[in-house]
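Undergrad: Given next are the chains, with one letter for each unit.
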Amino acid sequence: MSDNLAASPLLSVENLKVHFAIRAGVFQRQVGEVKAVDGVSFSIGAGETLGLVGESGCGKSTTGLALMGLVKATDGRIAMQGAEDVTAMRSVPRAHRRRMQIIFQDPFSSLNPRQRIRDIIRAPLDIHGIGTTEERRAEVAKLISLVGLRPDQADNFPHQFSGGQRQRIGIARALALKPDIIVCDEPVSALDVSVQAQILNLLADLQRELGLSYLFISHDLGVVEHVSHRVAVMYLGRIVETGPKKAIFSKPLHPYSELLLRSAPSHDPHRRHQFSAVSDDIPSATKKPSGCAFHTRCPLATDICRRIEPQLEVKADGQFVACHHR
Amino acid sequence: MQDRVLEKTMEPALAVSDLNVEILGENGAFPVVSEMSLSVRPGETVCIVGESGCGKSMTALSLLRLLPDSARIASGSIRIHGEDFLAMGGRQVEDFRGDKIAMIFQEPLTALNPVLTIGEQIAESVRQHRKLGKREAFARAVKCLELVQMPDPARRARQYPHELSGGMRQRAMIALALACEPKIIIADEPTTALDVTVQAQILGLISDLQKRLGTAQVLITHDLGVVAEIADRVIVMYAGRRVEECSVYELFDNPIHPYTIGLMGAVPRAASHDGEAQTAPERLTDIPGTVPPLWDLPKGCAFAPRCPRASARCLEERPPFIEKTPGHFAACWEHDNVR
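Protein chains in written order, with the numbering used here: chain P, 1 to 326; chain R, 1 to 339.
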């Protein structure tokens, strides 16, 4: 199964970089650069979920946006199975966009408040010129029931829905073009847990029914573990570890993955952590440390870590780690 | 066991009974917190857990009498070290706030004053309650920053909130709350805005400080993981009311209320990796529907429309909040029938 996926991934991303200029002064001269995404590679197979996990500022959302062409990639290669590389193009062609859609984190700001939901869901069909008016109407009705909304809600406006229902509308809109891959950018972070579970279940059902692939971006380790087949851990613009979900969560090899897992609350009062109150020096993407970006917080750090950036290397079955000491 | 002994020997630092809070809306007042009671002893942490709109933050704000103008305490009592907080006049309330009872807010960037340095803000609070000179107060502020393990406290005291990272700001916020050594701390989602590695540090800090200072803490959160890490006792709220209350161990071992049980099933967990092969993600037990709006609550149990065990009685009559097993309270008609 995994060999098969490796042979012909649905989506492959190679050495993706997204750098933003820092400008200052009257003439807005470039004074620096934020390397938000700095050489990220991964692939996603058909029907697979890759969980992209990391803390704020690690570049996980920017990676998702770059795949969608919503921010311009500085360098790298984004290729869908059976299609050309889109990274170099000035704008991402519609045929590419059609195969990859996105669900945003905030179900309040990602829906036009002045549109009825039937129009919101129909918009992608209009833009891509799919079907006749009658076919589009039928398709919208199908999508509305597919995501668990009632047909009579089609004429309502977004403000008439709860957060969970709005997220369902966002999902219906993403599904309208029958994409192969959906980038889920923190799709449940804004939701209460009881509603979060509904949406996670819906995404799992849709994956099974439609054979969808997901790039699931989240800071929540519990959610990532629940939804993913494979996981990639990001730190300051780089993937520091990637592999099968089970391996990452049971034997993480990168010290940062270990720290993340150790920091997650236990959900069991009998097995409490002894969290250390000591603060460590957390760098930001604007002031990225030299060498391995994690060396300022790493218990294993030595001189080589300060000088040379480690590359992802296979360390166990399917588990890739970027660390000089593992 | 130890809990029981403490219970007998120690007076609660904070005792709230039968608190009712209402919001004054366009169509009259509607309750946001109903029949809320809680007591916290020195050294104890009580967590109030629930989803958005359950009334947990309104409860927190009323404990400090910081409710917005649109809300008011309709009835009930709040006693701080035995003194009636609700009967106090404005001046006395200000004397109490910060000195006897203090609050840690969720978002330190909005709760801290952007035009004052961290040190100035803490010193200001100290001078409000203690007769100290400016310089002494500032020195005290640096001490407070040291207490919360702020790296390089003397330098940080001269910095503005925007110059600090999220975790540092939350440390400053905690230092501010602790400046006058209050015996009661109310913390409203103190780690929600933080990354998980920083959250772990702040949780570690909060429990360290409590051990050292013996404060009584009320911690408001939506996160059962935080509850499991830090609570002694837990109150679960739904639609403005308590639905369950017991020790943290009892809550996770033997939850009674279907809402609590539902919440626990709904949380995907990053714990327990005992090596069992997990191929496809299993389904989470979701709770169907959504929280009812507070201005339009169902007649009986507010959770009944979403409850898998609801009976005809649940839809008609609100269940009383009573002791189901020793020390374990819940509001549910069906519990007795199930067990």
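One thing to keep in mind: the hints can contain errors.
Unchecked claim - Calculated lysine to aspartate or glutamate pairs in the DMTMM-like style (CA-CA distance at most 25 angstroms, straight line):
#1 P:K288 with R:D152
#2 P:K315 with R:E282
#3 R:K211 with P:D106
#4 P:K246 with R:E282
#5 R:K143 with P:D155
#6 P:K287 with R:E282
#7 P:K288 with R:E163
Unchecked claim - Computed footprint of chain R on chain P; a stretch qualifies when at least three of its residues, placed anywhere within it, have a C-beta under 8 angstroms from a C-beta of chain R:
#8 212 to 223
#9 265 to 278
#10 304 to 315
Because the hints were derived from the structure by calculation, they are not lab data. Ideal placement from N, C-alpha and C gives every residue a C-beta, glycine not left out.
Undergrad: Are the hints correct? Go through all of them and say.
TA: To see whether the hints hold, each was checked on the structure:
| no. | hint | verdict |
| --- | --- | --- |
| 1 | P:K288 with R:D152 | holds (21 angstroms) |
| 2 | P:K315 with R:E282 | violated (28 angstroms) |
| 3 | R:K211 with P:D106 | violated (39 angstroms) |
| 4 | P:K246 with R:E282 | holds (14 angstroms) |
| 5 | R:K143 with P:D155 | violated (60 angstroms) |
| 6 | P:K287 with R:E282 | violated (41 angstroms) |
| 7 | P:K288 with R:E163 | holds (17 angstroms) |
| 8 | 212 to 223 | holds (count 5) |
| 9 | 265 to 278 | holds (count 14) |
| 10 | 304 to 315 | violated (count 0) |
The structure fails hints 2, 3, 5, 6, 10 (numbered hints given earlier, in ascending order).
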